[in-house]
Amino acid sequence: MILRDEYDIIKLVELAKGLDLSKPHEVTIEPYDPLNTAAQKKLYWKWIGIIGKETGNYKYDQDELLRKEILTPVFYTNNKGRDKEYIKHISELGKKEMSEYMTQVSIMAAEFGINLPHPEDLQRNQ
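Sequential numbering of the sequence shown, starting at 14, is according to our numbering.
Keep in mind that the hints were calculated from the coordinates and are not lab data. It is possible that part of the hints are untrue.
[Claimed, not checked] With a straight-line Cα cutoff of 27 Å, these simulated DSS-like cross-link-like pairs (lysine-lysine) come out:
#: 1; residue 1: 36; residue 2: 109
#: 2; residue 1: 81; residue 2: 109
#: 3; residue 1: 54; residue 2: 109
Construct the complete structure from the given sequences, taking the supplied hints into account.
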């Protein structure tokens, strides 16, 4: 549930009133970070194409390699009781998380001498 105004808080309170409190419940409230933007995804896949060309990797392999290298894995226990590790896909990243990830991709590419285009570079050249 996303809280945007007082009406949403009222809905949250009404929802909480219906809970069975014979068992404890956990509620977490954190800042809302909507999913990344189409512009971020477009630039990211452009970068992946450039990096892949330089490294000789297919774009989906390059994407997976970078996500495994940079993103923090999510650990969970599956329905069989086994501990598992999951790396988020870029479509699951919020705008801020995607921005931080892309910064790390850009830094890593620069360390290997790969120049990636940035939106601010394109604006300066116009």
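Hint check:
The suggested pairing of residue 36 with residue 109 is violated, with an alpha-carbon distance near 35 Å, which exceeds 27 Å. Pair hint residue 81 plus residue 109 holds up; C-alpha atoms about 18 Å apart against a cutoff of 27 Å. The hinted pair formed by residue 54 and residue 109 meets the criterion: a straight-line CA distance of about 13 Å does not exceed 27 Å.
Going through the hint list in order, the structure does not satisfy hint 1, though it satisfies all others.
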